[in-house]
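Just remember that the working numbering sits 68 ahead of the position in the first sequence, which is counted from 1.
Since the hints were derived computationally from the structure, they do not count as laboratory data. It is possible that part of the hints are untrue.
When the alpha-carbon atoms are kept at most 20 Å apart in a straight line, the in silico SDA-like pairs for lysine to any residue are as follows [said to hold, decoys possible]:
#, residue 1, residue 2
1, Lys276, Arg324
2, Lys432, Gly465
3, Lys276, Arg247
4, Lys432, Glu417
5, Lys276, Arg219
6, Lys436, Pro473
7, Lys436, Gly479
8, Lys133, Pro86
9, Lys276, Leu257
10, Lys432, His484
11, Lys276, Ala255
12, Lys436, Gly457
13, Lys436, Pro86
14, Lys133, His268
15, Lys276, Gln289
16, Lys432, Gly402
17, Lys276, Gln300
18, Lys432, Glu414
19, Lys432, Arg452
20, Lys133, Ala145
21, Lys432, Arg416
22, Lys133, Gly106
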Amino acid sequence: MAETDYRAPVGTHDVLPPESGRWSALVQAFAARAARFGYGLVITPVVEHVEVFQRVGTATDVVRKEMYELTDRGGRALALRPEGTAPVVRAYVQHRPTPPWKVWYLAPNFRYERPQRGRYRQHWQVGAEVLGVDDPDADVEVIALAHGFYRDLGLRQVTLALNSMGEPADRAEFVTHLRAYLLERGAGLGPEFLARADAHPLRVLDAKDESWQDVLDGAPQLTEHLSAPSRQHFERVQAGLDALGIRYALTPRLVRGFDYYTSTTFEFSSTALDAAQNAVGGGGRYDQLAEEMGGPPTPGIGFGIGIERVLIACDAEEVLTGAGPALDAFIVDGIGDPSATVLVAELREAGLGADRAYGGRSVKAQWKLADRSGARYGVMLGPREAERGSVGVKDLGSGEQVEVPREQVAGWILLHAEAADPAR
RNA sequence: GUGGCCGUAGCUCAGUUGGCUAGAGCGCCGGGUUGUGGUCCCGGAGGUCGGGGGUUCGAAACCCCUCGGUCACCCCA
Numbered sequence: 069m070a071e072t073d074y075r076a077p078v079g080t081h082d083v084l085p086p087e088s089g090r091w092s093a094l095v096q097a098f099a100a101r102a103a104r105f106g107y108g109l110v111i112t113p114v115v116e117h118v119e120v121f122q123r124v125g126t127a128t129d130v131v132r133k134e135m136y137e138l139t140d141r142g143g144r145a146l147a148l149r150p151e152g153t154a155p156v157v158r159a160y161v162q163h164r165p166t167p168p169w170k171v172w173y174l175a176p177n178f179r180y181e182r183p184q185r186g187r188y189r190q191h192w193q194v195g196a197e198v199l200g201v202d203d204p205d206a207d208v209e210v211i212a213l214a215h216g217f218y219r220d221l222g223l224r225q226v227t228l229a230l231n232s233m234g235e236p237a238d239r240a241e242f243v244t245h246l247r248a249y250l251l252e253r254g255a256g257l258g259p260e261f262l263a264r265a266d267a268h269p270l271r272v273l274d275a276k277d278e279s280w281q282d283v284l285d286g287a288p289q290l291t292e293h294l295s296a297p298s299r300q301h302f303e304r305v306q307a308g309l310d311a312l313g314i315r316y317a318l319t320p321r322l323v324r325g326f327d328y329y330t331s332t333t334f335e336f337s338s339t340a341l342d343a344a345q346n347a348v349g350g351g352g353r354y355d356q357l358a359e360e361m362g363g364p365p366t367p368g369i370g371f372g373i374g375i376e377r378v379l380i381a382c383d384a385e386e387v388l389t390g391a392g393p394a395l396d397a398f399i400v401d402g403i404g405d406p407s408a409t410v411l412v413a414e415l416r417e418a419g420l421g422a423d424r425a426y427g428g429r430s431v432k433a434q435w436k437l438a439d440r441s442g443a444r445y446g447v448m449l450g451p452r453e454a455e456r457g458s459v460g461v462k463d464l465g466s467g468e469q470v471e472v473p474r475e476q477v478a479g480w481i482l483l484h485a486e487a488a489d490p491a492r
């Protein structure tokens, strides 16, 4: 491609029909479920002051080297949202809604990474957050929300990994312990291992390097170092999931990418995806975050689900396949005066999905378009019918055609469309 | 950010010891007599062979650079 070609920036992409139809079906499924769970929609800006995200963790790659930062004309340091939780917590701190505050969102995230399938510089997430509740039942509810959403889409090969990061004090002590273990036992594994083990011991736990596995397998586990309250909370979360029949795998080595997590963390992966990017959602508890942003101490838990990756998982499982606009009628104009314009308008005002061809195409061509449109009926506006004050209505599925009085078309189609599909 | 692979019509691809106006399927447009689609038949449009430079009498094919995609790492949704 020449550099002068106009194209979407690297790592970004357009979503066109009919793919966008699946996209909106997915979002609608999530919105419907969130509403049933008592969550309201929250909309926050795509840009925030950089400090909002630095709370997410200056040690994390997402903040340290993947953020889109910019300075506006007023000299403000802003950043494009790299993840969904921080802005929601910021909004909570700013507006102080009465807890429990249960919200869901649909938002684009930006991360400057090397793109590949399932990993983009702009990707979309739906997600949910609950602020002001430390009850483990909230953890269970939030996980059940995500879990049910995948089921709604028809996904069967999505698994849940569960872990607990403990309280900050638990973790600090554990990290020291873990670092010492890794540096001692991994002494022979090379400089990269030692550097990472020293800088971020937790991050090493889920590393993929085969030669590291022996040492990692023998590493101490965070869940064995939880304080009594942390352990109790974690056990109650598990009991709740058990009661709901939601299966999960305790995964002590599950390490999530943000520093703010405390206590419960979880991740959903698709086993249908034969790729490194198989995580389709993840989240956890962040009981310190609101306070760190200057708000009152407020526990919180939530998750984000990557739309592009879920769609890829849907492809792999062959669910959520194309869903078009499904028109009720397509008008074929064999006359050429404004009567087609009037009829289409009339049907649309009656609540029907109706379309037509443009540019005075031949009747044959118009029938082709009618067929391709996926409409249930083709409506022939021809001179012969016009003389009798009627139109021809053809069922494009069966091929049967009947003559209907012109003034009754809308009612006729409405009646038959509903009879054929009560759900419309 | 590091390394590997790939890049030919809208889509999926064929096209190598470098050599005739670059092909196929699908899609798109038109036609198969007078107003009816989905099947079939016929015809047509559409390509700076990602871009630039180089080697050569001659390059879609070889070399270099570059842009883009993809896979792995890193990280994550």
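A quick look at each hint next to the structure:
1. The suggested pairing of lysine 276 with arginine 324 holds, with an alpha-carbon distance near 15 Å, which does not exceed 20 Å.
2. A distance of roughly 17 Å separates the Cα atoms of lysine 432 and glycine 465; the hinted pair therefore holds under the 20 Å criterion.
3. Proximity of lysine 276 to arginine 247 is assessed by CA-CA distance (about 18 Å); at most 20 Å being required, the pair is judged to hold.
4. Taking the CA atoms of lysine 432 and glutamate 417, the gap is about 27 Å. The hint is violated against a cut of 20 Å.
5. Between the alpha carbons of lysine 276 and arginine 219 the distance comes to roughly 29 Å, so the proposed pair goes past 20 Å and is violated.
6. Among the hinted pairs, lysine 436 with proline 473 is inconsistent with the structure: their alpha-carbon atoms are about 24 Å apart, more than 20 Å.
7. Under the criterion of a C-alpha separation no larger than 20 Å, the hint pairing lysine 436 with glycine 479 is inconsistent with the structure, at around 25 Å.
8. Straight-line distance between C-alpha atoms of lysine 133 and proline 86 comes to about 35 Å, which puts the hinted pair past the 20 Å bound.
9. The straight-line distance between the Cα atoms of lysine 276 and leucine 257 is roughly 14 Å, inside the 20 Å bound, and the hint therefore holds.
10. Our distance criterion of 20 Å between C-alpha atoms is broken by lysine 432 and histidine 484, whose separation comes to about 25 Å.
11. With a CA separation close to 18 Å, the supplied pair lysine 276 and alanine 255 stays within the 20 Å bound.
12. At most 20 Å may separate the alpha-carbon atoms for a hinted pair to count; lysine 436 and glycine 457 exceed this at roughly 25 Å.
13. Taking the CA atoms of lysine 436 and proline 86, the gap is about 19 Å. The hint holds against a cut of 20 Å.
14. For the hint linking lysine 133 to histidine 268, the alpha-carbon distance of about 16 Å falls within 20 Å, and the restraint holds.
15. As the CA atoms of lysine 276 and glutamine 289 are separated by approximately 17 Å, the hinted pair is consistent with the 20 Å bound.
16. For the suggested pair lysine 432 and glycine 402, the alpha carbons sit about 10 Å apart, so the restraint of at most 20 Å is met.
17. Annotation: proposed proximity of lysine 276 to glutamine 300 is violated, straight-line Cα distance about 31 Å (limit 20 Å).
18. Simply put, lysine 432 and glutamate 414 have alpha-carbon atoms about 24 Å apart, too far for the 20 Å limit, and the pair is violated.
19. Using a Cα cut-off of 20 Å, the hinted pair lysine 432 and arginine 452 holds, with the two alpha carbons roughly 17 Å apart.
20. Distance check on the hinted pair: lysine 133 and alanine 145 sit about 16 Å apart at the alpha-carbon level, within 20 Å; holds.
21. Pair hint lysine 432 plus arginine 416 does not hold up; C-alpha atoms about 24 Å apart against a cutoff of 20 Å.
22. Our distance criterion of 20 Å between C-alpha atoms is broken by lysine 133 and glycine 106, whose separation comes to about 37 Å.
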